[in-house]
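Line order of the protein sequences matches chains A, B and C. Residues in the first sequence are numbered from 1 upward in steps of one, following our numbering. Residues in the second sequence are numbered from 146 upward in steps of one, following our numbering. Residues in the third sequence are numbered from 579 upward in steps of one, following our numbering.
No lab work stands behind these hints: they were computed from the structure. Among the hints, erroneous ones may be present.
In the BS3-like style, the derived pairs of lysine-lysine whose C-alpha atoms are separated by at most 25 angstroms in a straight line are [to be verified]: (1) Lys19(A) with Lys652(C); (2) Lys32(A) with Lys665(C); (3) Lys32(A) with Lys514(B); (4) Lys19(A) with Lys665(C).
Partner residues are not named here, just some residues of chain B that face chain A (Cβ under 7 angstroms, in silico) [unchecked claim]: (5) Glu430; (6) Arg512; (7) Lys514; (8) Leu518; (9) Val524; (10) Lys526.
Note that the structure is predicted; figures quoted are calculated from it, not measured. Just so it is clear, CB atoms sit at the ideal spot from N, CA and C, and this is done for glycine as well.
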Amino acid sequence: MPEVLLQRAFEVRGGDFDKAGETSSEIKALLKEVGIDPTLIRRAGVVTFEAEMNVVMYAESATVVFTLSDEDISIEVFDRGPGIADVDLAMQEGYSTATDEMRQMGFGFGMGLPNIKKNSDIFKLESEVGKGTRLYSAIRLDGAS
Amino acid sequence: MMTHGFRIDQDKCRGCLSCMRACPTHAIRVRDGKARYIPEKCIDCGSCLKSCPYGAITATTWSFQDMDKFKFKVAVPSPVLFGQFPAGVTPAHIVQGLLSVGFDAVWDYGVELFLASRAVLHYVENWKGPFPLISVSCPVVVRLVQVSYPRMIDQLIRLQIPREIAGREIKRRYAKELGLRPDEIAAVYITPCQAKTISILHPAEGVESHLNGALGISEVYNPILASANQQRNGLPPPAEIPNIVRNSTFLGWSVREGLGRSLARHNSLHVTGLANIIQVFDDIEKGKLQNVEFLEAHSCWSGCTGGNLTVANVYVTLSKLRSLVGDLPEMDAETLAEVNSRYPLEDFSLEAPVLPRPIKGQSGDLREKVRLLQEAEAVLKTLPGYNCGLCGAPTCKEMAKDISAGEASKADCVFFSKDRLSELYKRFLLNDR
Amino acid sequence: MKLKDIATLLEADVLAGADLLDIDIGTAVASDGMSEILAAPHPGALMITGLINIQSIRTAEMADLPAVLYVRGKRPNDRCVELAAAKRIAVLATRLGMFDVCGLLRERGVRGGM
Numbered sequence: 001m002p003e004v005l006l007q008r009a010f011e012v013r014g015g016d017f018d019k020a021g022e023t024s025s026e027i028k029a030l031l032k033e034v035g036i037d038p039t040l041i042r043r044a045g046v047v048t049f050e051a052e053m054n055v056v057m058y059a060e061s062a063t064v065v066f067t068l069s070d071e072d073i074s075i076e077v078f079d080r081g082p083g084i085a086d087v088d089l090a091m092q093e094g095y096s097t098a099t100d101e102m103r104q105m106g107f108g109f110g111m112g113l114p115n116i117k118k119n120s121d122i123f124k125l126e127s128e129v130g131k132g133t134r135l136y137s138a139i140r141l142d143g144a145s
Numbered sequence: 146m147m148t149h150g151f152r153i154d155q156d157k158c159r160g161c162l163s164c165m166r167a168c169p170t171h172a173i174r175v176r177d178g179k180a181r182y183i184p185e186k187c188i189d190c191g192s193c194l195k196s197c198p199y200g201a202i203t204a205t206t207w208s209f210q211d212m213d214k215f216k217f218k219v220a221v222p223s224p225v226l227f228g229q230f231p232a233g234v235t236p237a238h239i240v241q242g243l244l245s246v247g248f249d250a251v252w253d254y255g256v257e258l259f260l261a262s263r264a265v266l267h268y269v270e271n272w273k274g275p276f277p278l279i280s281v282s283c284p285v286v287v288r289l290v291q292v293s294y295p296r297m298i299d300q301l302i303r304l305q306i307p308r309e310i311a312g313r314e315i316k317r318r319y320a321k322e323l324g325l326r327p328d329e330i331a332a333v334y335i336t337p338c339q340a341k342t343i344s345i346l347h348p349a350e351g352v353e354s355h356l357n358g359a360l361g362i363s364e365v366y367n368p369i370l371a372s373a374n375q376q377r378n379g380l381p382p383p384a385e386i387p388n389i390v391r392n393s394t395f396l397g398w399s400v401r402e403g404l405g406r407s408l409a410r411h412n413s414l415h416v417t418g419l420a421n422i423i424q425v426f427d428d429i430e431k432g433k434l435q436n437v438e439f440l441e442a443h444s445c446w447s448g449c450t451g452g453n454l455t456v457a458n459v460y461v462t463l464s465k466l467r468s469l470v471g472d473l474p475e476m477d478a479e480t481l482a483e484v485n486s487r488y489p490l491e492d493f494s495l496e497a498p499v500l501p502r503p504i505k506g507q508s509g510d511l512r513e514k515v516r517l518l519q520e521a522e523a524v525l526k527t528l529p530g531y532n533c534g535l536c537g538a539p540t541c542k543e544m545a546k547d548i549s550a551g552e553a554s555k556a557d558c559v560f561f562s563k564d565r566l567s568e569l570y571k572r573f574l575l576n577d578r
Numbered sequence: 579m580k581l582k583d584i585a586t587l588l589e590a591d592v593l594a595g596a597d598l599l600d601i602d603i604g605t606a607v608a609s610d611g612m613s614e615i616l617a618a619p620h621p622g623a624l625m626i627t628g629l630i631n632i633q634s635i636r637t638a639e640m641a642d643l644p645a646v647l648y649v650r651g652k653r654p655n656d657r658c659v660e661l662a663a664a665k666r667i668a669v670l671a672t673r674l675g676m677f678d679v680c681g682l683l684r685e686r687g688v689r690g691g692m
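Same shape as in the complex, but just chain A (with noise of 0.2 angstroms):
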């Protein structure tokens, strides 16, 4: 079992398009405060930063839990929000169910979640609609891509 060094919660508003990627950037310099490879914090600044913008656009709120073990980096978000109902189908890129409204925001090009996958070595997707979403993305310190 992988051993907990620094766990982080962090609170990320629905709608709050001026505050997200503020979280993307506090994990970022905790892991260049410990002395993790660019490369590394480059890929997990992607995925919190996406995941971020994800909570923005369609839930109410979340809870993004910033983990650091022994093995590897990790990002949990769970949203409160209406959910993913086919979450194979939001996997594919290009799909999206972005508005207009979120296109102009640079954002809801369907890249989003391929893009955290890509930059993950685990990559987990769990919905329920109407309830919310889980997102887990875990990143190798050994493994240097």
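Put chains B and C on the given structure of chain A with help from the hints.
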């Protein structure tokens, strides 16, 4: 053994915190009313020396007495020396002055500058690793990488710098000419800063320098000026023009952008000033500057002309050097011939790699780093956050790190300990002012 | 190509990071979709976009991009510029459209980042 370039005179130090606040790497603490160094954090930049109002900080240099044990002494002056003197004092006077203070010969390393440039060009063009490559000419920059950017250590160019190549050639040539053993010959660098002295006495790569020691420009200045004045009063100026003015490269080195110039076809960047260097290194670490192939960085704002052992004003120095260089060509036939004959025969690679220098809390395993980070964060929340420095650490954040590492206690903070406050008050009463 | 040369070429205004103009730009990414840019993080690349909200700067931060160039005469607000300055990201703005910007830079040897 961890060695750095400064001493604090404990009698003169009043614990005023100036040096602690000036230190860019947070390497100074004031404990029991006296400043002291955390040696592994010191990068020899000299900010503390400049900041001390009581003259309590001195740089480790060499002295004339240190030269006495050698049979043949060769001065290797930095080009900066030639820009230090008032109008009318020529390079020939200065060379003569160096001879009059006890040197047997003066060596200009113009040829070695070309040799090193050529070697660097070859190195950059054949490099397969990550860019940018970083020049090792400023010892402060080398130490900064060792201490704060260990990931970039392979980007330091593993080549000898010109003054070291000169030291090696001096030993070889004079040993042969005079029938002496190399250890009977002293190659002494005339240095604009104490960082270079340390790089000679304790090189970053841990092997021995080809130079034996260094004298600060400020130390040789007065004797040279006296000799120059004597030469100018009555005695005709020396007939022989010293080699340093054969071409513009040696004296122009500090005026131009050093090595970057010979790498004109490559993307190079010249950064000066420690604060700027730190920002640029942060960007390099993030991979933002991969298109820069060569980075020359000098800790002093004005390059070596602003070294802390210089005497003259930086701008006056630059202007004097420019006027000395005049319209001379960058290269002359004699120098070119020597460069061409030596280049294929000499090995310019560094004899040992420069290794990272571990700092407590920033090295070791991830578990330990996280533990220190968390403890320091927890402690920081309880500190006042005014960064007053009265505890002896430069900021509350640094203090929190010290406490979590067991090197200070919360009782050192005046907000938590009346004893600490009264101790400071007593010290204030004792200081006559 | 140095950032300052890009600024001259495109007649761009420098809104943040005047001290960063010596950075050499070898690659660029261009899109109004931030996920497009995040899809293939290419540290060191110039980000060209018409999206002027704060997420554009966040995206550059996450992807370790040193500079953002806004096209079509669009200008980010002060908060964006302040965030960029705090994160050491240069910000340029040109009146040219994205197609022309890309063409001009490509002509001068700047390559795609993906």
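Hints and how they fare:
no. : hint                    : verdict
1   : Lys19(A) with Lys652(C) : 22 angstroms, holds
2   : Lys32(A) with Lys665(C) : 14 angstroms, holds
3   : Lys32(A) with Lys514(B) : 11 angstroms, holds
4   : Lys19(A) with Lys665(C) : 15 angstroms, holds
5   : Glu430                  : 6 angstroms, holds
6   : Arg512                  : 6 angstroms, holds
7   : Lys514                  : 4 angstroms, holds
8   : Leu518                  : 6 angstroms, holds
9   : Val524                  : 15 angstroms, violated
10  : Lys526                  : 14 angstroms, violated
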